[in-house]
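Engineer: Can you build the whole structure from these sequences, using the hints too?
Protein chains in written order, with numbering that gives the first Met the number 0: chain A, 0 to 414; chain B, 0 to 71.
Errors might be hidden in some of the hints.
[Claimed, not checked] Pairwise CB distance ranges (calculated):
#1 B:Ser-44 / A:Lys-61: 16 to 24 Å
#2 B:Pro-24 / A:Val-126: 30 to 38 Å
#3 B:Ser-44 / A:Ser-120: 21 to 29 Å
#4 A:Met-153 / B:Pro-24: 39 to 47 Å
#5 A:Val-331 / B:Pro-24: 34 to 42 Å
#6 B:Ser-44 / A:Gln-91: 40 to 48 Å
#7 A:Thr-368 / B:Ser-44: 19 to 27 Å
[What the hints assert, rightly or not] Derived lysine-lysine pairs resembling BS3-like cross-links, with alpha carbons at most 30 Å apart:
#8 A:Lys-60 / A:Lys-72
#9 A:Lys-285 / A:Lys-60
#10 A:Lys-285 / B:Lys-23
#11 B:Lys-23 / A:Lys-61
#12 A:Lys-375 / A:Lys-60
#13 A:Lys-72 / A:Lys-375
[Unchecked claim] Sample of chain B residues at the chain A side, in silico, Cβ under 7 Å:
#14 Leu-20
#15 Gly-21
#16 Glu-26
#17 Leu-37
No wet-lab data here; the hints were simulated from the structure. We put the beta carbon where it would ideally sit given N, CA and C, even for glycine.
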Amino acid sequence: MKSNPSFINKNIRHSLTAAAGCLLGATTQAQTVDDWQTDVAVLIYNETDRVSAFEPAISLKKTFEDDSVLGFKFIYDALTGASHNGAAESDQVQTFTRPSGKGSYETSAGDVPLDDTFRDSRGSLSVNYEQPIGRFNKMIYGGNVSAEHDFTSMSASATYLQDINQRNTTLSVGVSFEYDDITPEGGIPVALSEMQVNTNAQVRDEESDTRTMSEVLFGVTQVIDRYTLVQLNYGYSQSSGYHTDPYKIVSVLNSDGSLNAANGLNGTYIYENRPDSRSKQSLFAKVKRYIGGDVADISYRYMWDDWEVASHTIDTHYRFNMSDSWYIEPHVRYYQQSEADFYRYSISTAEQASNLEYITADYRLGDMTATTIGAKVGFMAGGYGNSVRLEMYQQSGDESPSDVDALILQYNIRF
Amino acid sequence: MNVITSLLLLSTLTMAGCSSLGVKPWERDILAREDMALDNAPMDSGFDDHIYFSKEASSGGKSFGGGGCGCN
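Structural biologist: Below you can see the structure in the form of structure tokens.
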């Protein structure tokens, strides 16, 4: 088997290049000037009884003589399956109107209400350009466009990086701006209005709405010693516009928890409403350490926002380099979040009659923990670097809509 | 603002302490390894960011992402 320069870099030229470029080069991968580096990957994401996604992706990267780097990435995302519509489980059969207003679907007693017509495809194109300014600083520019049938997103970013302390410290500051356009199936339902049977007209707002987000990210990367790197980031983002999920509803129940028939349906459901702004902050820390031929990668993120969501994420990888040509990398991730202050699993008819302003029953804004456990195997085949990873992702929360089990399978090849 | 003040203080202390940390240019052989890059598997992290963004209420923190989706 051929030795694998992409796994274990023994090439003196690479070492010198990296030494000269470090730390600025720490976020990029050493590669030979003039070659296009191509990565092709396919991801299969499959939730038990819910969403499935098939995502092929290709990324191209080239380093030029002046050390500038140009990269492109294209991702296609095909989604099918069923998604929780927000309504609570019931011991009675429930009927819901489809988002388009045409047709309906039924949920059996005791089942999580899932809209089984979830189907979408998404295309995303990203461009990145790294431009050295001097020996110790550079800029990274990024642009992204993604589109699906009911959502379009465009974003641009610029990051400045400066090396100090004999290139043992890199300081960075970046800004980004994102613009989203939301055009839901059937138009935007009036927030807090009641869902109607499909033969009635649903009150709607506009056909579409928009959202913008601005973000700033400060970073420090520090070489501790010959074997250890540390990264610290602080991020702040502010978004404004339409944050509501137009497909999500909230159950309005009688005081005894039973369904309250209305509007031609055997239950009462109102369309959710979220605040029209959100500011998020995050602290992120990462340590990479080389341990006797292997590499440990541990990170922690604390995120909090003005919706009262706060979350902890711990992500750990340990790469066992078995030889120059193959490795095994176990991965464990733990995530925990607290619920948004306007999250409710369901509300009562009395609460509906009170002055409700914001409400969602989207379990993704409720109390939740999630774990990911899996491993990746990297190997050389046909002269190319390959990797396969298999992971289990499991979410759980206070109510059964939060209980999601998913399988993640990914294959990569690098040319 | 307390958080930002603390961060600035932490960064200043880190930078002050950094002068005694680090390596000489000829000691970068290990740090230059591809598996020691801060993000040595960008395809994986790109997919992961998208999955977790669409399934959880948190996102970002590491770097600027690859754009939003209608899933959240």
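Engineer: For each hint, tell me whether it holds in the structure or not.
Structural biologist: Here is how each hint holds up against the structure:
no.: 1; hint: B:Ser-44 / A:Lys-61: 16 to 24 Å; in the structure: holds (21 Å)
no.: 2; hint: B:Pro-24 / A:Val-126: 30 to 38 Å; in the structure: holds (32 Å)
no.: 3; hint: B:Ser-44 / A:Ser-120: 21 to 29 Å; in the structure: holds (23 Å)
no.: 4; hint: A:Met-153 / B:Pro-24: 39 to 47 Å; in the structure: holds (41 Å)
no.: 5; hint: A:Val-331 / B:Pro-24: 34 to 42 Å; in the structure: holds (35 Å)
no.: 6; hint: B:Ser-44 / A:Gln-91: 40 to 48 Å; in the structure: holds (44 Å)
no.: 7; hint: A:Thr-368 / B:Ser-44: 19 to 27 Å; in the structure: holds (21 Å)
no.: 8; hint: A:Lys-60 / A:Lys-72; in the structure: holds (9 Å)
no.: 9; hint: A:Lys-285 / A:Lys-60; in the structure: holds (25 Å)
no.: 10; hint: A:Lys-285 / B:Lys-23; in the structure: holds (22 Å)
no.: 11; hint: B:Lys-23 / A:Lys-61; in the structure: holds (28 Å)
no.: 12; hint: A:Lys-375 / A:Lys-60; in the structure: holds (23 Å)
no.: 13; hint: A:Lys-72 / A:Lys-375; in the structure: holds (22 Å)
no.: 14; hint: Leu-20; in the structure: holds (5 Å)
no.: 15; hint: Gly-21; in the structure: holds (3 Å)
no.: 16; hint: Glu-26; in the structure: holds (5 Å)
no.: 17; hint: Leu-37; in the structure: holds (5 Å)
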